[in-house]
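Protein chains: 2
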Amino acid sequence: MKKVLVLGAGQLARMMDLAGAPLGMDVKAFDVRTNNVVLPIDPEHIYGDLNQGIAECDVITAEFEHVAHNTLATCEASGKLLPSSEAIKIGGDRRLEKSLLDSCNIANAKYVVIQNKADFDSAITSLQLPIIFKSALEGYDGKGQWRLKDVEQADTIWQEMSVFINNASSSIPQGIIAEQMVPFDREVSIIGARNSKGEMAAYPLTENHHTNGILSVSVVTSVDKKLQQQAFEVFSKLAEKLNYTGVLAIEFFQVGEQLLVNEIAPRVHNSGHWTQQGADTCQFENHLRAICGLPLGSTQLIRPTAMVNIIGEDDIPEEIFTIPTVALHWYDKEKRTGRKMGHINLCGQTELELAERLVRISSLLNKESFPDLSEFAENLLAKASQ
Amino acid sequence: MKKVLVLGAGQLARMMDLAGAPLGMDVKAFDVRTNNVVLPIDPEHIYGDLNQGIAECDVITAEFEHVAHNTLATCEASGKLLPSSEAIKIGGDRRLEKSLLDSCNIANAKYVVIQNKADFDSAITSLQLPIIFKSALEGYDGKGQWRLKDVEQADTIWQEMSVFINNASSSIPQGIIAEQMVPFDREVSIIGARNSKGEMAAYPLTENHHTNGILSVSVVTSVDKKLQQQAFEVFSKLAEKLNYTGVLAIEFFQVGEQLLVNEIAPRVHNSGHWTQQGADTCQFENHLRAICGLPLGSTQLIRPTAMVNIIGEDDIPEEIFTIPTVALHWYDKEKRTGRKMGHINLCGQTELELAERLVRISSLLNKESFPDLSEFAENLLAKASQ
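Chains as they are written, first to last, in full-length UniProt numbering: chain H, 1 to 386; chain A, 1 to 386.
Check before you lean on any hint, since a few could be wrong.
For identical chains, the list gives no copy identity; a pair is met inside one copy or between any two copies.
[Unchecked claim] Computed list of lysine-lysine pairs in DSS-like fashion (alpha-carbon distance at most 25 Å, straight line):
1) Lys-340 x Lys-3
2) Lys-340 x Lys-2
3) Lys-117 x Lys-2
4) Lys-335 x Lys-2
5) Lys-3 x Lys-197
6) Lys-149 x Lys-197
7) Lys-333 x Lys-2
8) Lys-335 x Lys-3
9) Lys-237 x Lys-225
Since the hints were derived computationally from the structure, they do not count as laboratory data. Every value quoted in this text rests on a predicted model; they were computed, and no experiment measured them.
Let's have the full structure, built from the sequences with the hints guiding it.
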């Protein structure tokens, strides 16, 4: 039995545990807030501290990229950490991410690194408006971000941003990436896996829809071979450059037929949750297979599938269980505004059937927690009905 | 969050736990050997005794039918037991099972109940040889069974059988059911669910293959509407007669176009494990939905699927992971001859693809632990290639 320690004890560790148990794997999680090693699906059970966790496991991995660097160093010293601390750090620092993309000649949005006022001013002159400013070290789900649409906003934004840079609690100097906003057609992501033998496999490109900066719906209905190949090339370049082991997620802006990398996540990813019901092997199992030295599982789409995030809500009407293929995944977390509490996976034999079921779901869910799901579902239905 | 207590802490409770966690259900198991309430996927965690378990849960169910009657009575007195103790007891006593079938006018093999030598002699005269004798209270997976093919064996068999009847450790008097052996074409089973509102749903009939009296392979490739209807009628008659709540499994002998009931199991069933990968909703989730008062999930077949039991073996070559759709399910049990240790689910877009994959799997698994899997796979391939 392989023993896996996950850095982070959130929903991704939990779903790794649920995927690993049938494989005979023993998955524990290191909760960075309490410094305890716990059972991911029932964190009341404590197994000791990080050193014990490291000593007792066969392999260490991470469910998030903002792990303290000394923790990563301790784990890496054991020789058990996969992917490498280098890869995890790149996911946690947009400056490293951007240099990696440039060094691999991978298309991404034009940017400037900002450490001070001079950088800020030069960003405004060298990039076209609108510009999006993203903190280098934090900032996913819309946190630590500013949008500059008009030069008149510059002073206000710089004031906030300089406070943010100077107040960074991290031991690593904070910084900002100024990025020219891309007038993209849609956002897509590829979830791929590479195992310790260098074998690679990737899931079909997922189309992602964000609401207030947070992923709200992902959908996969078919495979666009050309785009898939373009995305897979980016995935394989990065995975090989990093000698990566595990699941790696890459978010893109699609502009016409071109994909520009937006973000890299060195881990299983929210936009890959649909694979639990929609793919031959789910991303959690493939991550575990990869880091445990097993052959990767097929990443083939079974049938059109969508995932709806449940954000800041812990009460879903029972009636959704009447819709065929609805698979509800709760994370067992306390309700908090903006918090990812769970997700719903949904399939259809055809894109039309999936769209019809999504329309039914959206009619049952409340508008406050799922503000634009109906619109998304109706659009999918219109597209599928053509 | 619904709290469920399962009587029995084996693989069925474990798989209920894994299916219940994403639904936000808290599944615990009562281990009848240690009298402890434990976490099914990690039974080292003890939560107290039966009374505490009953007090702290919302609903009680069972993973096996041979629960001590006083335990069932204690659970039923709490008002939380589903299905009823009556239904569970019927599954645990072939005499009750046979009377139920007769009272519902459901076709089953001709039989005689044996308590003494006179019953035994009359069975031999009133039933045609060969006769199979099955202990009323135990005896699944081939235990507590005798086959009489020739009258000359009668004395030897009766000697063994009378010792068996008199040595019964149970508080309920042991007995034997003598059944005329049915020259069946194949063995099939239906797994159905009925929820507390009386809604019912059943999975497509599963074809089952036994090796040395133990289920070795189950396969579902398509739906035969007529047979399905016949099986569903039996299921619904029994489920309604028992005012049943939960998943109920019924095993049949198929003789020509007729189904004769062989056995009833008031629980999730080994021949329904394929539903984890092959159906819209798996049997474990549907059992939990049923007993928790939720709408049932779709029981539709996604694509042709097979399940291969892993018996008495804890080492499977890693190479099977290279076969697409292989889903391995270990039960985390200590290796013992004849013990169900896990199972492999396998799918194909077509029956042919499934059969080809099954042939590949059978070539990788050792013949000692999977003695007739190759033959089964080759037969399926021949049938699918027609």
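message: Let me make sure I understand: some of the numbered hints might not hold for this structure. Which ones are they, in numerical order?
response: 3, 6
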